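Residue strings, one per chain:
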Amino acid sequence: MSAVLEVRNLKKAYQKGKTEIVAVDGISFEINKGECLGLVGESGCGKSTTAKLITRLTAADEGEIFLNGKEITHVNTKELRDVYKDIQMIFQMPLDSFNPRIRLGESVMESMINQGMKRRQAKARAQECLANCGLSSDFADRYPHQVSGGECQRASIARAIANKPSLLICDEATSALDVTIQSQILKLLGQFQQKMGMSCLLICHDLALVQEVCDRVMVMFNGRIVEEGTPDEIIMNPREEYTKRLIDSVL
Amino acid sequence: MEMRLEKSITVRKSKLHKDQTTIKLYVFSALVVVLLLIAVFASQLVPYDPYQQDLGKALLAPDSNHLLGTDRYGRDLLSRVIMGAQSTIFSSLLLVAIISVIGTSIGVFCGYKGGKIDSIIMRISDVFLAFPGMVFAIAVAGVLGGGIMNAVVALACISWPKFARLARGQVLSIKNMPYISAAKLSGSKPAKIIFKHLLPNMMGPILVTATLDIGTMMMELAGLSFLGLGAMPPIAEWGSMMSNGRSMLQTSPWVILAPGCAIFITVMLFNLLGDTVRDVLDPQTKK
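In order, the protein sequence lines correspond to chains A and B.
My numbering applies: residue -7 is where the first sequence begins, and numbers increase by one.
My numbering applies: residue 9 is where the second sequence begins, and numbers increase by one.
In short, the hints are calculated from the structure, not lab data.
Source: prediction; values computed, not measured.
One side only, chain B facing chain A, incomplete, derived with CB under 10 Å:
| hint | residue |
| --- | --- |
| 1 | Met185 |
| 2 | Tyr187 |
| 3 | Ser189 |
| 4 | Ala191 |
| 5 | Ser194 |
| 6 | Ser196 |
| 7 | Asn209 |
Far from chain B by the CB rule (all over 12 Å, computed), these chain A residues:
| hint | residue |
| --- | --- |
| 8 | Gln119 |
| 9 | Phe213 |
| 10 | Tyr234 |
All C-beta atoms in this analysis are idealised placements derived from N, C-alpha and C, irrespective of residue type, glycine included.
The task is simple: from the sequences and hints, build the whole structure.
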């Protein structure tokens, strides 16, 4: 199996006053094609920073990221736009991830128009994507505040898959939703993953959820990856002290 | 069943509210358009020549011939107020347009770019904000000489930092919203992100500040005119007309009340329009 994403020795530190906070401390991992990798850990352990580093929304201090074998850590902004055809992200707060003044359909179309697609084609494709995510075509004409959180997150998925990326990063994509909607969204993600052979990095703090959908799990603590394995392995036989605590803390 | 009932009620409420703001918008924009039309066609509308002096008719109280009375040179005040609308409204609008566009551009640039350039420009704007504005405007206008355009330039020099600060603050708060990240991930170029995602979401406060500033700017222009650094004496301008009538407030109050009411009505109209425009622009208040 070939690796879709390979991360080597990634580091990021933030300056806060005079102290330096190391958010991500030299992590390395890879995601294979069609694989769903879970990344769990408590808040502030560097999960979201990792997602931002991979998508280049934040610049890394050190380390390299390879997407489909191509180094993307130092590409310029123009090449970065090509990278975004292959890598997409779903955010935690569904409402905040849509511009409140733009209709959902328009937001979904944006990436396709940026890739040079004609407006009419993009519109048709956007409606197709929304339909695939279980939203009827009139959702394209609604504003984000006119739909529920779950519907908004579906639209967010539609936007992410519109360009058929090879890697989808879900940064706590289900944390802001209630339990029934969570499972619906996860099912939807699972469907797309199978249908399109997409890889997935699922950032999450809910172990049960990870156990259900992920092929492999990494546990992150204080910016480092402390444990890695299949979900069952980790939950049944945690080796690290922190992992044990994490599992015990599940309600 | 109960849920459905509740939903239908909210829908009805939102309809009512939306209609009201739209009606308000139409009314106020119609009134502002009327005002602007009066200003544009001022020279056709005036009943008398606003510059024709007739000392025999000086300081006449309002009557059927001179609806607003005459000033101390016997010029018809209604004609002068109508004529003054032109210079007063257009110079204020021009001034507000200049400072809001320049200030916002600088603020957006600084907020979006960040880093050293941001610090340098913001320190410069601090200097402008720390200096007493009117004194600086008088100095600039003094160097440039009299004339309404020079007064506009002088006030533009001192007023842009307010908008730069406001715009920068807005950009900083919006810049880290997930939808901006999402737009970046969609492959949008910085220009598209700024014009499509940033500006529409920060225009509300800027628009409201701009409309509220029309009144302030009108008064500051009038202040400069009073000092002889704005509109030159024969030109009809509300601010300078008020200054001229100041000394006659007790004997012939109409000389100051006519331009005063004109300013009051104009400023209030622009403020109401600004508030309504904000309500309409912000889809969230339509709820």
